[in-house]
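Chemist: So you can see what is in the structure, the chains are spelled out below.
2 protein chains.
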Amino acid sequence: MRGFLIIGNKAFTKPFRLNDLPGAGRIDILCRCVAQSLFISHGIRKDVEVYLLLLGEPDPPKAIKIVGKTVKRMSPDERNIAGHLRKALGVKVNKNWKEVSSGVYVARKCLKDLLEELSAYYEIYYLREDGKDIRDLAKEMENPLFVLGDHIGVKKEDEEIVISYAREIISVSKLSLQADQCIVIVHYELDRLQI
Amino acid sequence: MRGFLIIGNKAFTKPFRLNDLPGAGRIDILCRCVAQSLFISHGIRKDVEVYLLLLGEPDPPKAIKIVGKTVKRMSPDERNIAGHLRKALGVKVNKNWKEVSSGVYVARKCLKDLLEELSAYYEIYYLREDGKDIRDLAKEMENPLFVLGDHIGVKKEDEEIVISYAREIISVSKLSLQADQCIVIVHYELDRLQI
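Which chain is which? The protein sequence lines are A and B, in order.
Residues in the first sequence are numbered from 1 upward in steps of one, following the numbering used here.
Residues in the second sequence are numbered from 1 upward in steps of one, following the numbering used here.
The set of hints was computed from the structure by calculation and includes no laboratory data.
It is possible that part of the hints are untrue.
Copies of the same chain look alike in the list, so a pair counts if it works inside one copy or between any two.
Only pairs whose alpha carbons sit at most 27 Å apart, straight line, appear in this in silico DSSO-like list of lysine-lysine [what the hints assert, rightly or not]:
{"#": "1", "residue 1": "K174", "residue 2": "K72"}
{"#": "2", "residue 1": "K14", "residue 2": "K87"}
{"#": "3", "residue 1": "K46", "residue 2": "K174"}
{"#": "4", "residue 1": "K92", "residue 2": "K132"}
{"#": "5", "residue 1": "K112", "residue 2": "K92"}
{"#": "6", "residue 1": "K139", "residue 2": "K87"}
Quantities reported herein were computed from a predicted structural model and do not represent experimental measurements.
Given these sequences and hints, build the entire structure.
Modeler: As C-alpha cells, then:
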C-alpha cells in the first residue's frame with residue numbers, strides 16, 4: 001500500500017462553488033493531489049489511499065479518505081474530484097469514517113488523531129525540501145504514507161506533530177515543487193523499484 | 001530551454017464551455033499538461049515553452065504556444081488555463097503566431113509544420129512507453145522538446161511524422177502514465193542534473 005496525506009490549511013469545510021476552486025481555500029490543489037495519487041492512464045492505482053485534512057472555515061477540522069480499490073465514478077479532472085469532495089463536505093460528521101459514496105469517506109479528525117490512526121499500518125514520511133533524497137531511501141520503504149502541505153506548507157505546530165510520527169523527512173527535489181508534483185515523483189521512484 | 005508539445009487528438013478548436021473540459025475533447029488533459037510544464041510552487045519556469053496541437057472539431061488544426069518567460073495572469077488550476085485556451089480559440093488564425101495575451105499565441109499549424117519550426121532550435125524527443133529510459137539519456141539533452149499524446153496517444157500517421165523529426169524515443173515509466181505525469185517526471189530527471 002501507498003498512502004498520501006495532504007494538509008489543506010485553508011481548504012473550505014463546507015460545500016463550495018465548483019466554479020471557483022482556488023477561492024475555496026485552494027481546493028484545486030487538493031483535487032490535483034487526489035488525481036496524481038490515484039490515476040494512471042486509463043486506470044486507478046488500487047493500492048493507494050489518499051487522505052485530505054481540511055483546516056479552513058467554517059467547520060474544521062475535517063478529514064476525507066479516498067480508497068483507490070473501491071472508489072467509483074471519479075475521473076482525473078479537478079471539477080470531477082471537487083464534486084466528490086463537495087458532497088463529502090455536505091454530510092454531518094463525527095469521529096468515525098462515514099462512507100459518502102463508494103470509496104470516499106469523511107470524518108471529524110484532527111492531524112494528531114489522523115496520524116495516530118494511520119501510523120498503525122503505515123510508515124509515515126514527511127516530505128520537505130531539505131529532507132533526505134527519496135532516491136536513497138525508496139528501496140527501504142514498506143507501506144509508506146507521505147505527508148505534504150499545500151501552497152502554505154505545514155504550519156510549525158502541525159509540523160511538530162508530523163515529525164513526531166515520521167520515520168524520516170524526505171525530499172523529492174531541491175526546487176520547491178507543488179504538492180501534486182511531489183506525489184508524481186514519489187510514485188515514479190517507487191514504481192521504478194517494483195516494475 | 002525545455003519544450004513540450006502535446007497532441008490533443010479530439011481537443012475542440014472553437015471556444016468551449018469552461019464547466020465541461022473533459023467534454024470539450026479532453027481539454028482538461030491539455031490544461032494539466034500546461035500546468036505541469038510551467039508551474040513550480042509559487043512560480044513559473046521561465047525557460048519552458050509549451051505547444052498544444054488541437055486536432056478536434058470544428059476547425060482543426062490549431063496550435064497554441066505558451067511561453068513561460070512572458071505568460072501573465074495564469075495560475076495552475078485547470079479552469080484558469082482553460083480560460084486562456086478558450087480565448088485563443090476565439091481568435092481568427094493564420095499560419096503565423098498571433099499573440100492573444102501576454103505569452104499566449106495561436107496559429108493554424110499542422111503537426112509537420114510545427115515540428116519543422118521547432119526542430120530548428122529544439123532537439124525533438126518522442127515519449128512512448130517502450131522507449132529508452134530517460135534516466136540514461138537525460139544528461140545528453142540540450143534544448144530538448146518532448147512530444148506526447150493525450151489519452152488517445154499519437155495516431156499512427158502522426159507518429160511517423162514525429163519519429164521522422166525525433167532524435168530518440170524515450171520512456172519515463174513502464175506503467176502507462178498520464179501525459180501530465182510524464183511531464184513532471186521529465187522535469188524531475190532534468191532538474192536533478194542541473195541543481
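Chemist: For every hint, state whether the structure bears it out.
Modeler: Hint by hint, here is what the structure shows:
Taking the shortest alpha-carbon separations for K174 and K72, only the inter-copy value of 25 Å comes in at or below 27 Å, while the best intra-copy value is 36 Å. Taking the closest pair of Cα atoms, K14 and K87 come within 27 Å of each other only inside a single copy of the chain (9 Å); across copies the shortest separation is 32 Å, beyond that limit. Taking the shortest alpha-carbon separations for K46 and K174, only the inter-copy value of 17 Å comes in at or below 27 Å, while the best intra-copy value is 30 Å. Proximity of K92 and K132 under a CA criterion of 27 Å is satisfied in neither setting, with 40 Å inside one chain copy and 51 Å between copies.
When the C-alpha separation of K112 and K92 is checked against a cutoff of 27 Å, the pair qualifies only within one copy, where the shortest distance is 21 Å, while the shortest distance between copies is 56 Å. With identical chains, the CA atoms of K139 and K87 are never at most 27 Å apart, being 38 Å at best within one copy and 47 Å at best between copies.
Against the hints set out earlier in the document, violations occur for numbers 4, 6.
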